[in-house]
Amino acid sequence: AQSVTQPDIHITVSEGASLELRCNYSYGATPYLFWYVQSPGQGLQLLLKYFSGDTLVQGIKGFEAEFKRSQSSFNLRKPSVHWSDAAEYFCAVGVGGSNYQLIWGAGTKLIIKP
Amino acid sequence: ETGVTQTPRHLVMGMTNKKSLKCEQHLGHNAMYWYKQSAKKPLELMFVYNFKEQTENNSVPSRFSPECPNSSHLFLHLHTLQPEDSALYLCASSQSSQGPGGEQYFGPGTRLTVT
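Just so you know, the sequences run in chain order A and B.
In terms of our numbering, the first sequence opens at residue 1 and continues consecutively.
In terms of our numbering, the second sequence opens at residue 115 and continues consecutively.
Don't take each hint at face value.
To be verified - With a straight-line cut-off of 20 angstroms between C-alpha atoms, the simulated PhoX-like cross-links for lysine-lysine are:
| no. | chain 1 | residue 1 | chain 2 | residue 2 |
| --- | --- | --- | --- | --- |
| 1 | B | 133 | B | 150 |
| 2 | A | 49 | A | 61 |
| 3 | B | 150 | A | 109 |
| 4 | A | 49 | A | 68 |
| 5 | B | 154 | A | 109 |
| 6 | B | 154 | B | 132 |
| 7 | B | 150 | B | 136 |
| 8 | B | 133 | A | 109 |
| 9 | A | 68 | A | 113 |
Hints in this document: simulated from the structure, not taken from any laboratory.
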C-alpha cells in the first residue's frame, strides 16, 4: 500500500542554520511528490513539487528538495532558516491515475531557536 | 476574495446539533476536496468532487454529508457528531482530480470542537 513517512515529529534548528526534513514514500510507480507548509492558523501552501526531470527541485521561500529513487526519499532542505520558517511541513505523494489522490505524511513541526 | 475561503473559521457544537461548513474557491478549478486534520496524524481525505460529481468517499461516517452545488462551492453538513470528530477540517481545490500532478490549493480550515 502507498504510504508516506516523515520520521521526525519535531525538529529544532537555530536561526541561520541549515535544515533538512526527511520524507520517505512507498509507491510502486514513479511518484509525484510534494512538500507543503502550514503556518499556525493557516491552510497548507505548496512549497515545491517533483514530477519528472531534474531530481533537485527548487521551491518558494528558498527551499529545495531532492528526489532519490534508490532511497525512496524526497528530503526538503534550506541552507539558512529564518524565524518565519517555523511551521509544520507535510510531504505528500500523488498516486493513482483516474482516481488520483494525495497520500500524506504526518508532518514535521519545525521550531526555530533564536 | 481570492483563493479558497472557508467559513466559519471556528465552530463549537453539541453532539445533537446540526451545522454546515462552507468552502468557496475563486480559482476556476473544477475539483474540490474535504480533508480532516487531527493532531499528529496524516491528513485524511474525506470526499472528492470532480465537476460537481462525487468521485471519492473514503468510508466517511454518514453523520458527515457533503454537498457540491457547483464547481465553486462545497459544503459539509454535520449532524449528531461525536467528540472524536473534533479536528481541523480543510477544504482544497485543484484543476482536476483526474490524472497526476494535481496541485491542491487549501483554505485556512474550520476548527471544529464537538462537546
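So, going through the hints one by one against the coordinates:
With a C-alpha separation of about 16 angstroms, the suggested pair residue 133 of chain B and residue 150 of chain B falls inside the 20 angstroms cut-off, and the hint holds. Under the criterion of a C-alpha separation no larger than 20 angstroms, the hint pairing residue 49 of chain A with residue 61 of chain A is consistent with the structure, at around 14 angstroms. In summary, the hint linking residue 150 of chain B to residue 109 of chain A is supported, as the alpha carbons are separated by about 18 angstroms, within the 20 angstroms threshold. For the proposed pair residue 49 of chain A and residue 68 of chain A, the alpha carbon gap of about 14 angstroms is at most 20 angstroms, so the pair holds.
At roughly 10 angstroms between alpha-carbon atoms, residue 154 of chain B and residue 109 of chain A fall within 20 angstroms of each other, so this suggested pair holds. Pair hint residue 154 of chain B plus residue 132 of chain B does not hold up; C-alpha atoms about 27 angstroms apart against a cutoff of 20 angstroms. The straight-line distance between the Cα atoms of residue 150 of chain B and residue 136 of chain B is roughly 14 angstroms, inside the 20 angstroms bound, and the hint therefore holds. The straight-line distance between the Cα atoms of residue 133 of chain B and residue 109 of chain A is roughly 31 angstroms, outside the 20 angstroms bound, and the hint therefore fails.
Among the hinted pairs, residue 68 of chain A with residue 113 of chain A is inconsistent with the structure: their alpha-carbon atoms are about 30 angstroms apart, more than 20 angstroms.
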